[in-house]
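Going down the list, the sequences are from chains V and S.
Note that the first sequence covers residues 6 to 507 in the numbering used here.
Note that the second sequence covers residues 6 to 507 in the numbering used here.
Honestly, the hints are just simulated from the structure, not real lab data.
The reader is advised that the hints may include incorrect statements.
Covered by chain S, according to a simulated footprint, are these stretches of chain V (three or more residues, beta-carbon under 8 Å) [said to hold, decoys possible]:
#: 1; region: 361-372
#: 2; region: 464-471
Take a look, some chain V residues computed to stay more than 10 Å from chain S by CB distance [as the list claims (entries may be wrong)]:
#: 3; residue: Gly168
#: 4; residue: Asp226
#: 5; residue: Leu394
Ideal placement from N, C-alpha and C gives every residue a C-beta, glycine not left out.
Protein chains: 2
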Amino acid sequence: MDVKKKYQEYTLHLQKIADLRYAIAVLQWDQETYMPQKGAAFRAQQIATLSEMSHEMFTRESFKNLLQDLMAGGGLDETAQKNVSLSWYDYTQQQKVSGDFVRRLSEAISTSFQAWVSAKSAGNFSLFEKELTALLALKKQEADLLGYEAHPYNALLNQYERGCTVSLLDRVFNSLQQPLKKILDAITASPQVTDDFLRRHYPKDQQWAFGMELMKQLGFDFTAGRQDIAEHPFTTNFSSQDVRLTTRIDEHDFSNMTWSCIHECGHGLYEQGIPASAYGLPLGEFTSLSIHESQSRLWENNVGRSFDSWQYFYPQAQQYFPEALKEVPLQQFYKGINKVQPSFIRTEADELTYHFHVLIRYELEKKLLDNQLAVKDIPAYWNDQYYKLLGIRVPDDKKGCLQDVHWSHGSFGYFPTYSLGSFYAAQFFDAAKKNIPNLSPAITNGNYKPLLDWLRISVHAHGRRFTSEELCERICGSPLNIDYFIQYATAKYRDIYGFKEE
Amino acid sequence: MDVKKKYQEYTLHLQKIADLRYAIAVLQWDQETYMPQKGAAFRAQQIATLSEMSHEMFTRESFKNLLQDLMAGGGLDETAQKNVSLSWYDYTQQQKVSGDFVRRLSEAISTSFQAWVSAKSAGNFSLFEKELTALLALKKQEADLLGYEAHPYNALLNQYERGCTVSLLDRVFNSLQQPLKKILDAITASPQVTDDFLRRHYPKDQQWAFGMELMKQLGFDFTAGRQDIAEHPFTTNFSSQDVRLTTRIDEHDFSNMTWSCIHECGHGLYEQGIPASAYGLPLGEFTSLSIHESQSRLWENNVGRSFDSWQYFYPQAQQYFPEALKEVPLQQFYKGINKVQPSFIRTEADELTYHFHVLIRYELEKKLLDNQLAVKDIPAYWNDQYYKLLGIRVPDDKKGCLQDVHWSHGSFGYFPTYSLGSFYAAQFFDAAKKNIPNLSPAITNGNYKPLLDWLRISVHAHGRRFTSEELCERICGSPLNIDYFIQYATAKYRDIYGFKEE
């Protein structure tokens, strides 16, 4: 068989695996949006069976041989070579675990998710303890199977961010703390801003309509995606032509829905920008979670909490919510939505204290992975850390260690990518401002096309062609550097709080 | 390997196939409820891949051998024997078509469905012609592969109703026409009833809430199912614990939503009553489409259009729709919802003229299958028949040959089961009245539990254990007999229209 035919066979096989994987994603999306309660048990079984099948197809001997032939044979163009070498990496990772393990993990995740929903609704972590303990045991086993140096957590971090390690993250978080504290101290010493108006009554239907309008104007294509309500906001996709966002609405909180909408929209814009022609192939996938989060955080914060954006959006917001916002001037609104203040919920945190939320989860996960912390002790540890780092007393598990869905998905090692994503976002947005003529006035006029076009070309279109680091070098001419975030934050909060700190 | 182990292996294998089949059903449900437009192409591919996999798993040599061993070996209890013999029948049918054929058919169905949606929305059959022609060609090929005697349509009828043939249906429809005409003539000669109030303004949200309330009171378990909006109402399920109903709402039509809700609820109650313990096995499936339709039609008509039911429901309806119904007395309402009048839309037809809608589709499908009619000539033939049989001029394809989703699903041979279902419904309801003490007063008091319990035991719990005919014999002590329907209809309309006809 010639190399062209073999590559075609490879493509077809990966597309079929993608069909299965995306079917799983539909089952999961439905599980978190519409599935009735009693559907859970068979749904868990359905997802497990499809996961096992997908794993079997990816790790079967004939596919391994095909990959080896393609790598040995030559004659592939650069794109094809890139796909094959990424598939080979994926193969070496996936073949370390058995189909049976994949099935058990999948079942444990479904069970945990249901337990988390119940526990969260009851505000009682103990209802989640048993399932999380079982799931964590499997994740530890997975780390052992995947292999690691230095720390078992490294094996899991690597799943979301290839090459990411505890030592790298320790360095990042350590270098962050002092400059972050400096800004926070300057803010604390300044006159505070008010944000009470954000907790007035914002009717549900109006919030929904306003969120949809925001996303439309940012450029989300609703003929290739949609939004629904879920317990925890997330984005998923079943091709780049079918991207699903979710949100949640609290009638007494303007922020919750608004910035979760923009955040998920950022994820969604990334997925819609990945070429459909690469469906099923590595180049049809996203680079890494930190780059995914760079997109969501860039839209959420650098764009979505900027004065530029709200010059355009605020008059609209006032029309949607006349009673709550009519008498609040734009300047006050802008300051209010950027108020820095320790709070309980990560997804609602300001851009500065946000990283303490991540840090707490990061340290906690590290300790869980190397058995320094038991699952049953999570609430106590969590509450203790929130008091130590943010000075606040967590009132209950719902506002504490049950707030995030991630652990119920078995996603240990995911949280750090939120911080990395924020740092990439600041660095990318700096590059955007340098590279896009008149970006600021465009945004002020509600024209997000220049920015989206630039992100499409710079980030989205590449799929998984470059690693996070390579992408950063290409876009910014330098590796990840948290100084961009610190500079961005210093300038922003100096303006808002009026402090003199350089 | 002993027989017990083999049977366990058989069960596990079928459960995995069911996991795939139900995943396909989720993808299809999403396709018809929530999927954004551009998602269609990859969704078609995803459904096709999973369909091909499911077919491969069912027809693989090792499964065939397992079935043969189980049939030859003895030592199975009666239930296990029944499962195995039904699986063997399914195997003999499925192995007649190739995996590649299954894939092509699946893709053609997805493409046709999208074309139908567009064509219907434009009211223009020609936009559907190409896709339907391609799909019909595949269905003819399928009939040839499956094999048949006398008429190719028989092969397709047999897919929905084992043993059903053109000659049987010709006989049923022929014997129906004269008694039906007799009742219709008596009605025509009587003073007509009014139903104008059914086309007043019925607000959308109120309709939705009323429909949900109806289904709850009929006994649908919303912890094991839900309802959504779709272009064409349908019921599907992903286990008996997750049953999905859909409906549509027209603000100027009380009937459309109401009886489609009750109809689909009847389907849903059947699925929820099939034992979850038989998940994936033949006995965990429904008997046949005519029995499925007997359940939907029984609830829709024998229950849902009865005076007994509306004595209970009508005061509620008046509370939901005070402006439209406040001044309409119950007697007038009851007569109005049972008004007999030729109309365009099958799902909204009265219980008598309904069968002409089915007859037209039946004759048309027969002609399509033996090449007496070309796809492009469907609208002309359709409109002609509606004028001949019902005396009405079809204004456009939307109210004509595009109204039903079935052909876009490749469902040729499905429609006749609606009439059979109505006849079974009348016969079963007659048995219900004889077997359930005080059924009528229970219904008058909104207590549907005795009826549902009886249907659970008599029909639902058996899954596929009995054929339609066997079930009818067990329940009624006699085979299908359309006299029950004629008697039911004569009594009902004599009461409503006040004619003297015996």
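Results for each hint:
1. Check result for the region 361-372 of chain V against chain S: violated, 0 residues qualifying (beta carbon to beta carbon below 8 Å, three or more required).
2. Under the rule that three or more residues need a Cβ within less than 8 Å of chain S, the assignment of the region 464-471 of chain V is violated, with 0 such residues.
3. In this structure Gly168(V) is separated from chain S by more than 10 Å, as the shortest Cβ-Cβ distance comes to about 31 Å.
4. Non-interface call for Asp226(V) relative to chain S: violated, since the shortest CB-CB distance, roughly 8 Å, does not exceed 10 Å.
5. Non-interface status of Leu394(V) relative to chain S is upheld: no Cβ of that chain comes within 10 Å, the nearest being about 41 Å off.
Checked against the numbered hints given earlier, the structure breaks hints 1, 2, 4 and satisfies all the rest.
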